[in-house]
Amino acid sequence: MTPSEIQLRVNGRPSRIDSVPTDERLLDTLRWRLGLKGTKEGCRTGMCGACTVLRDGRGTLSCLLLTHEADGASITTIEGIGSDPVGRRVLDAFDAAGALQCGYCTPGFVMALTGLLREGGRSTPVDEMLEDLGGNLCRCTGYATIVRAARSAREEGA
Amino acid sequence: MSASARPDAPAKLSGSVVYGTDLDVPGMFWGALVPAPVARGRLRRIDLGPARALPGVVAISAADVAALVDGRAGDAERPPFPPEQITYLHQPIAAVAAPSPGLARAAARAVRVEVDGLPAVTDLEELFPEWPERAIDDPDHLAAHVRAGRGDVEAVFRTAESVVRETYRTASVHQVALEPHACVADVTDGLWHVRTSTQSPFGAREDASSILGIPESSLVVEGAWVGGGFGGKGAAFLEPYALLLARAAGRPVRLALGYEDEFRLGRTTLPAVLRMETAVTDGEIVGRRVRLLLDVGTSLPGRDFATGYAIGFLLGPYRTPTFEVEGYAVRTNKPPFGPHRAPFAPQAAFVVESHLEEVARRIGADPVAFKARHLWKEGDRTPLGQPVLPFGLPSALEGARATAERWRREAPSGHGVGVAVGFWSTSTGAGGEARVELTPAELRIIQGEREIGSGSVVVGIARVAARRTGLPFERIRVEYRDSARAPFDSGVFGSRTVGALGRATDEAITALLRSLGERLGAPGPAELGIVDGQIYAIHGRTRRSIAELWTPAEEAQGAMAAEGKHYGKGGAIDESLVRDGQFYAFTDFTGAAHVAEVEVDRETGSVRLVRYAAFHDAGVVIDPASARAQVEGGIAMGIGTALTEEAIWADDGRLTNAGLVDYRIPTLPEIPPIEVHFVEGFAGAGPFGAKGLGEPPIIPVPAAVASAVRDAVGAHVTELPLTPERVARELKLL
Chain A
1 MTPSEIQLRV
11 NGRPSRIDSV
21 PTDERLLDTL
31 RWRLGLKGTK
41 EGCRTGMCGA
51 CTVLRDGRGT
61 LSCLLLTHEA
71 DGASITTIEG
81 IGSDPVGRRV
91 LDAFDAAGAL
101 QCGYCTPGFV
111 MALTGLLREG
121 GRSTPVDEML
131 EDLGGNLCRC
141 TGYATIVRAA
151 RSAREEGA
Chain B
1001 MSASARPDAP
1011 AKLSGSVVYG
1021 TDLDVPGMFW
1031 GALVPAPVAR
1041 GRLRRIDLGP
1051 ARALPGVVAI
1061 SAADVAALVD
1071 GRAGDAERPP
1081 FPPEQITYLH
1091 QPIAAVAAPS
1101 PGLARAAARA
1111 VRVEVDGLPA
1121 VTDLEELFPE
1131 WPERAIDDPD
1141 HLAAHVRAGR
1151 GDVEAVFRTA
1161 ESVVRETYRT
1171 ASVHQVALEP
1181 HACVADVTDG
1191 LWHVRTSTQS
1201 PFGAREDASS
1211 ILGIPESSLV
1221 VEGAWVGGGF
1231 GGKGAAFLEP
1241 YALLLARAAG
1251 RPVRLALGYE
1261 DEFRLGRTTL
1271 PAVLRMETAV
1281 TDGEIVGRRV
1291 RLLLDVGTSL
1301 PGRDFATGYA
1311 IGFLLGPYRT
1321 PTFEVEGYAV
1331 RTNKPPFGPH
1341 RAPFAPQAAF
1351 VVESHLEEVA
1361 RRIGADPVAF
1371 KARHLWKEGD
1381 RTPLGQPVLP
1391 FGLPSALEGA
1401 RATAERWRRE
1411 APSGHGVGVA
1421 VGFWSTSTGA
1431 GGEARVELTP
1441 AELRIIQGER
1451 EIGSGSVVVG
1461 IARVAARRTG
1471 LPFERIRVEY
1481 RDSARAPFDS
1491 GVFGSRTVGA
1501 LGRATDEAIT
1511 ALLRSLGERL
1521 GAPGPAELGI
1531 VDGQIYAIHG
1541 RTRRSIAELW
1551 TPAEEAQGAM
1561 AAEGKHYGKG
1571 GAIDESLVRD
1581 GQFYAFTDFT
1591 GAAHVAEVEV
1601 DRETGSVRLV
1611 RYAAFHDAGV
1621 VIDPASARAQ
1631 VEGGIAMGIG
1641 TALTEEAIWA
1651 DDGRLTNAGL
1661 VDYRIPTLPE
1671 IPPIEVHFVE
1681 GFAGAGPFGA
1691 KGLGEPPIIP
1701 VPAAVASAVR
1711 DAVGAHVTEL
1721 PLTPERVARE
1731 LKLL
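From first to last, the protein sequence lines stand for chains A and B.
Using the working numbering, the letters of the first sequence correspond one by one to residues 1 to 158.
Using the working numbering, the letters of the second sequence correspond one by one to residues 1001 to 1734.
Treat the hints as calculated values from the structure; they're not laboratory data.
Glycine residues also receive a C-beta, built at the ideal position from the N, C-alpha and C atoms.
Be a bit skeptical, because a hint or two may be false.
[Unchecked claim] For each label pair, taking beta carbons as the anchor points, the in silico distance ranges come out as:
(1) 14(A) to 1470(B): 52 to 60 Å
(2) 9(A) to 1116(B): 52 to 60 Å
(3) 45(A) to 1010(B): 55 to 63 Å
(4) 1554(B) to 16(A): 53 to 61 Å
(5) 1114(B) to 45(A): 30 to 38 Å
(6) 126(A) to 1395(B): 50 to 58 Å
(7) 151(A) to 1481(B): 23 to 31 Å
Given these sequences and hints, build the entire structure.
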């Protein structure tokens, strides 16, 4: 494990991080080095989706991505997603639908859905969109309000 | 931006909410627990030396506790670390704190432990193969025995037209809150302080105080936002360890569980075996006998809450003239039994409902009509002699029956429709207190609970306040204070928050409105309203602004304040029917009837939910959107209990599926569309007649799904969960 310097663009701002061990996960870099605690730590095995961020615009599980693998990437977290037009739409849809309870899975869902809609927008078939969201777990809502928010965010897409 | 559906949504959507896992204090150390290497055995020697040799590392075990709490004595029956006997695998036997998480993990691994291992006890039926034919009298494994009854059951069973006897098995299920347990403790100048993700700051304070022997006055518990609780974050768990480590390290210590340990150490519902017997004559239930063998892990003898509680639900909400119920709580080498959303009630409903459906089918009766005929009505008495209070379950079942008939007509081949009821009682007996503060601009509710997600705090009690005062919801602000500064409250559990804390809030507001009425010179309490953007006290045509009505002292304080409390009284059971142990009375009578439509694959036995409908008695619904969301969420959780969730222990006490890969909770595509209905007109003990709704939605689900599976393919599965393997096995037997 040779710690070395990593360059990331996080929420639009360039970030140089020194002495990152090669086994450090992007999740931990974001939370404990950059203080971006909005990205949630759940299972750390890629099963719950709570740690989803956008890597170069696509949804990625930050618990399964080594920070070294992300070197040079552009990372968007819940703290920055509001400046993306699709992200803004998703946030508004979650807010209007009350698509959260404890809120712990919420950043992951917002990032995952934003990633999906950025790729396909309204052309994304609803079933496919909902199937893809199956990678994010929620224990509170039974997904009902999340489905409402996702449909409405998709509908409003150009 | 559009209007928020929930007041906590903007903060939660911005990522700025601080949960237990997000707590981060400058200079803090990272804690880790040292797990017992065997499930059962004697701790011969524990050597912390190799851990302490690592740079900056602090390590503690049982021998260090007394000095860390200045020689005080905690509860001898539940020391933080076992002094000698290990009772479950991964039981914390020591703890370490280090400047980095990696070093903490290394330090925990460096601790040398020598144990004399013994064979673990994990399986109820291996332990007591002759139960229930033979009574259990084994002080080593018995945590509790409860028994109650009325009349001569043996005689009734001898003379009845038909008797149905069945055995059921239910599984251990986990809460699976997405946020693992986490806290940060600090001990400075004799003040013990812990910030933690908890459903009950005051409960955690009481527990930690009792475990460590520290007076409650020296211990402050500050709630972090909770990333899901479901019963798993109700009592102190990590807090005592974090406090001890902080004292030892002389600096703040963060302690959080990895997700595997959430499963391994979590206190939750454990397996059970049940023998159900029902005697019927002329289509009427004339006698019932229910016997429960419940695994309570390493719960303390005499302190097991589960058995007496569970057994109260095992007769179901049905009239039963002659009966006997008996439960044994059995100690095994697993973590202690702990509450999981409506503890054991989904399991109890699965067993009661499936069994009574079997009884009805055997006598050629329609199961739903048979149940409806026996269901309690207001004014009936429960088997234990408690009068039934306003109870909407009969109306709910009528709604479910009508929906099920329609769905059954529409259902294609291979589909089935099932109906089941679930009964519950809100724990408003656990009391609470609140303070309200009124300013010219807003009404603040000062209280000690963190929102756990259901909305019961940030929405529920705020709605109560809005409704009582007449103020717009946006003018109500719920404020959180830590355990040193908030009025006492029991916790966010037992579906009690709106009922009990809401009533306390309502009492405080009532006192405030009375005082305002007097200040107006009016003959009764004032209402509040908005005039030119300012809050006014109003009575008839008299209206004055708060700024005109408050005293100089109140003006200096910035608010008028009032306090309220609510310690609800439960009903009473007929204690002469209790022969052993403790049974509990119900504080109110709530519940639901559910309808499930499933599709069953005859080849594989796999079950898919097609659609779902729920009819709930929640008394007077305080916030329709949150109420609906509670029902939707509870049903999804119940679908997990019904179909996939099962914690499986190996003979050596190892949890074989400690993680989300092998312990499967429902994902989005597996949840069907859900209709939610409320039957109104059956007032409960909460504010405006509300009843609790946190727990009831999960209760009927496994029973409704099992009933639908039976309707679809004829498989009568008597074991939870209904895995493809179990369904297929029943199909082969048909």
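Hints, verified against the model:
1. In this structure the hint that residue 14(A) and residue 1470(B) lie 52 to 60 Å apart at CB holds, the actual value being about 53 Å.
2. Checked against the given bound of 52 to 60 Å, the beta carbons of residue 9(A) and residue 1116(B), roughly 57 Å apart, stay inside it.
3. At roughly 31 Å, the beta carbons of residue 45(A) and residue 1010(B) sit outside the given window of 55 to 63 Å.
4. Taken as a hint, the range 53 to 61 Å holds for the pair residue 1554(B) and residue 16(A), whose Cβ atoms sit roughly 55 Å apart.
5. Evaluation of the 30 to 38 Å hint for residue 1114(B) and residue 45(A) yields a pass: the beta carbon distance comes to about 32 Å.
6. Taking the beta carbon of each, residue 126(A) and residue 1395(B) are about 36 Å apart, not inside 50 to 58 Å as hinted.
7. Hint check: residue 151(A) to residue 1481(B), Cβ distance near 39 Å, so the stated range 23 to 31 Å is violated.
In summary, the structure is inconsistent with hints 3, 6 and 7 from the numbered list given earlier, while agreeing with the others.
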